[in-house]
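All chains should be built: construct the whole structure from the sequences, respecting the hints.
Sequence positions in the sequence shown follow numbering that gives the first Met the number 0 and run 0 to 482.
Calculated from the structure, these hints are not laboratory results. Check the hints yourself; a few may be wrong.
Unchecked claim - Using 25 Å as the maximum straight-line C-alpha spacing, the simulated DSS-like pairs for lysine-lysine come out as follows: (1) K147 to K136; (2) K350 to K210; (3) K136 to K223; (4) K147 to K223; (5) K223 to K276; (6) K280 to K350; (7) K276 to K384; (8) K384 to K136.
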Amino acid sequence: MSEEILINVTPQETRVAMVENGVLQEVFIERERSLGLVGNIYKGVVCRVLPGMQAAFLDIGLERAAFLHASDIATRDAESEGASTISQLLRDGQELMVQVIKDPLGTKGARLTTHITIPSRYLVFMPYATNVGVSQKIEDETERQRLKQVVLDDAGDEGLGYIVRTAAEGVPDAALRSDMAFLRRLWGAIQERGRQAGAGEMVHEDLPLSKRALRDLVGVEVEKVRVDSRETHASLVRFGEQFVPEVVERLEYYPGERPIFDLYSVEDEIQRALDRKVQLKSGGYLIIDQTEAMTTIDVNTGAYVGHRNLEETIFKTNLEAAQAIARQLRLRNLGGIIIIDFIDMSDEDHKRQVLRALERHLERDHARSHISEVSSLGLVQMTRKRTRESLEHVLCGVCPTCNGRGSLKTPETVVYEIFREILREARQYDAEQLLVLAAHEVVDLLLDEESTSLAELESFIGKPIKFQVESLYTQEQYDVVLM
0 MSEEILINVT PQETRVAMVE NGVLQEVFIE RERSLGLVGN IYKGVVCRVL PGMQAAFLDI
60 GLERAAFLHA SDIATRDAES EGASTISQLL RDGQELMVQV IKDPLGTKGA RLTTHITIPS
120 RYLVFMPYAT NVGVSQKIED ETERQRLKQV VLDDAGDEGL GYIVRTAAEG VPDAALRSDM
180 AFLRRLWGAI QERGRQAGAG EMVHEDLPLS KRALRDLVGV EVEKVRVDSR ETHASLVRFG
240 EQFVPEVVER LEYYPGERPI FDLYSVEDEI QRALDRKVQL KSGGYLIIDQ TEAMTTIDVN
300 TGAYVGHRNL EETIFKTNLE AAQAIARQLR LRNLGGIIII DFIDMSDEDH KRQVLRALER
360 HLERDHARSH ISEVSSLGLV QMTRKRTRES LEHVLCGVCP TCNGRGSLKT PETVVYEIFR
420 EILREARQYD AEQLLVLAAH EVVDLLLDEE STSLAELESF IGKPIKFQVE SLYTQEQYDV
480 VLM
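Written out as C-alpha cells, the structure reads:
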C-alpha cells in the first residue's frame, strides 16, 4: 500500500488530500474564515441547565451556545465525586474548562466534554483519567505490553491517563518518555492560562490543519508529504524536527507549475464526491442521499449483466459496492447513521462475504465506525463517528431555487397554479387586463400547449391576459399583476 499526502495552501484555505495507490481516499479542508474548533479548549460558563435532557448549554464565546451532556463530564474532582445528575454536577453561572469534540453542525452548536484529551505524535494525554490504553491497531501482544509498561513506569504515581497511538509501534522508549514530558508541560501551561482566562475565552487552540496532518495522518505507509507552499514547507520542517523527526525526510516542497491537486486528479474527484450518483467499474452504481437525520446509500446493478446468472451478478456488484462505499464514506466524510441498501441476495454466504468485505475496507478509516446489523428488510445499518462537517456541507450551501428539496415543480404544475391565481384575482378585483410574470419555460408552455386552455380562461373572465418573461425568475416563481 503506497500512500502520499498532498498539502495545498493558499492564504484563504488549506487542503490536505490522502492518496492511496494514486487514488484519493480522504480530503480535509480548513478555511481561514471558518476554522474548525475540535480539540480547542475554552473556559466555559454554564448559561442553562436542562434536567430533562441531562445536559447543559455553555457560553464559550461562539455565536451559538455549546452543548454538554452529563456523560461527558469528568467526575474525578472532589466537588463532583458521587454526583450523578446534571443538576448535581452543574449550576447556572458556573465556570469550567471544556473541550470541543464536535464542530457546530447545521443548526446545532458545538458539542463539549470536560474529559480533556491532548494528542501528541505517539500519545493522547488524558489528565482527568487514570488508565493507560494501547491502540487496537497495534496487534503484537509483546509490543503492546512494552509500550504500556514504558508509559506506566514513567507516569509513576501521578495518576494520569494516556492512550498509546498506532504511530508509537516500534518507537524507542526515550521517544515515548519525551512525548510524555512535553504533554505534561503543555497541560501545566493550559491550566495556568485557564486560571487567568475570563469566561468564554479560548485557553488552548489545536494545531492548524497542515501540522495536524503531520501529527495524525503520517504513518509508516506514507512515502511522501508534498507541500505546494515554500513557507508552509519550511514551517512543517521546523515542526517536524521538534516533534516528528522521522517524518522530515519525507517532506517535499512541490514547486511545479501544474497545481498539485491536478497531478492526481484530486480536483476531479472532489467534484465527483458532490454528485448523488457514483459509477462503479462494472456498470453498477450507488445513489448517496444525505439528510439531516441520516445518510442512505442505494446499490444498483445498472448496466452490469454479468456472465453467469443473476445471483452471481448481484453478488459481484455488492462486493464492488462495499469497497466503493467505504471509500465514499471517507472521501465525503459522512457520519452519524448510515443505511445501506445492497441489492437483495438469497445466498446467506454471499451476504456474509459482502458484510465482511465492507468491514475489511472500513479498517483503514480514521473515523470509528460500527456495523450494527442487517435489518429484517435487508438493510445494513451502521454508524460512523462524526466530528466535522461533511465535504458537501463544507463546499456547498442550500440551493436557492429548490430550497434544499432537490426537486422543482414542473412547468405544467406552475401553469395550473397560475390559472387558479388568475381566477382568484379576477373574482376579487376589478381590472381591465392581467399581466403574468413568469420564467421562460412556463410562458412558453402557456403560449404553446396550453394556448387553448388560456383562450377559454380569457373568455371566462372576460379580460385579456398578457405575458412577460422574467429571466431572473426560477421555474416556480410567478406573479399575476392587475393592470
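Requested in this report: May I ask which of the numbered hints given earlier this structure violates, with the numbers listed in increasing order?
Outcome: Going through the list in order, the structure violates hints 2, 4, 5 and respects the others.
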